[in-house]
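Trainee: Protein sequence lines correspond, in order, to chains A and B. Here the first sequence is numbered in the working numbering, starting from 1 and rising by one per residue. Here the second sequence is numbered in the working numbering, starting from 1001 and rising by one per residue.
Don't take each hint at face value.
[Unchecked claim] Label-pair restraints from in silico Cβ distances: (1) A:28 / B:1060: 16 to 26 angstroms; (2) B:1059 / A:107: 27 to 37 angstroms; (3) A:68 / B:1059: 22 to 32 angstroms; (4) A:8 / B:1061: 23 to 33 angstroms.
Honestly, the hints are just simulated from the structure, not real lab data. Note that this is a predicted model, so its numbers are computed, not measured. For every residue, glycine included, the Cβ atom is placed at its ideal position computed from N, Cα and C.
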Amino acid sequence: TQLLEQSPQFLSIQEGENLTVYCNSSSVFSSLQWYRQEPGEGPVLLVTVVTGGEVKKLKRLTFQFGDARKDSSLHITAAQPGDTGLYLCAGAQGTGKLIFGQGTTLQVKP
Amino acid sequence: GAVVSQHPSRVICKSGTSVKIECRSLDFQATTMFWYRQFPKQSLMLMATSNEGSKATYEQGVEKDKFLINHASLTLSTLTVTSAHPEDSSFYICSAWDYFTDTQYFGPGTRLTVL
Chain A
1 TQLLEQSPQF
11 LSIQEGENLT
21 VYCNSSSVFS
31 SLQWYRQEPG
41 EGPVLLVTVV
51 TGGEVKKLKR
61 LTFQFGDARK
71 DSSLHITAAQ
81 PGDTGLYLCA
91 GAQGTGKLIF
101 GQGTTLQVKP
Chain B
1001 GAVVSQHPSR
1011 VICKSGTSVK
1021 IECRSLDFQA
1031 TTMFWYRQFP
1041 KQSLMLMATS
1051 NEGSKATYEQ
1061 GVEKDKFLIN
1071 HASLTLSTLT
1081 VTSAHPEDSS
1091 FYICSAWDYF
1101 TDTQYFGPGT
1111 RLTVL
C-alpha cells in the first residue's frame, strides 16, 4: 500500500509565527500537489511541484519537492488567521489517482 | 483553475431512500473523475474512479451496489447512494482529472445527512 505520511496533523499557533508541514513517502511521485480546504468546501489547489528539488513560492507560502520526488514540505512565514484551514498534500503517479496525506489542520490565533 | 460543480450542495433524506449527486466538469472534458468521502477534520478517502463509457473502479471496502457510479459523458459523473442509512451521512467530494496537466480539480462537495 502506498502511503504519504503528513505531519503534524494538528497545529495551533499565534499570528506571526512560522510553520512547516511535511509529507513523506517511500514511493516516487511524478508530481505532488498541495491543497487547502475550508470547512464545508472542496479542496482548492495551491501548487503542483513536478521536478525533484523544485521550490515554488506563493506569497508567504514556500513549497519544496524533495530531490528524489518522495517528499515535500510547505513552509508558511508569518502566519495569519486567514491561513487557518486544512492543508492536504497529494502525490500523483501519472494515472490520475492521487495518494493523499492525512491532512494538517492549522489554526492561527490572532 | 478549472471549475468543477456538484449538485446538490446539501441534501437531507430519510433512511432507506436513494440520493443522486451530480459532478460536472465545466472547463474541460474529463475522461476520468473521482469520488471521495470525507469525515470531519480528516483527509479525503477515495471511494471510486469513474471512467467515461466504462464501469467504475471501486476501492477496497467500498460497496459497489450501494454507491452506484455512472459516467455517461465527458463532463458528467453521478454518484447514487442507494438505500441510504444514517452511517452514510458524510461529505462527498468529486474531482475531475485533467490529463494534460495531471491535476485533479475538486468540486465544492455535497453534505449528505440521512435521518
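Trainee: Does each hint fit the structure? Answer for all of them.
Mentor: Do the hints match the structure? See the list:
1. A:28 / B:1060: 16 to 26 angstroms: holds, 23 angstroms
2. B:1059 / A:107: 27 to 37 angstroms: holds, 31 angstroms
3. A:68 / B:1059: 22 to 32 angstroms: The hint (22 to 32 angstroms, Cβ to Cβ) holds, given that residue 68 of chain A and residue 1059 of chain B are roughly 27 angstroms apart.
4. A:8 / B:1061: 23 to 33 angstroms: holds, 27 angstroms
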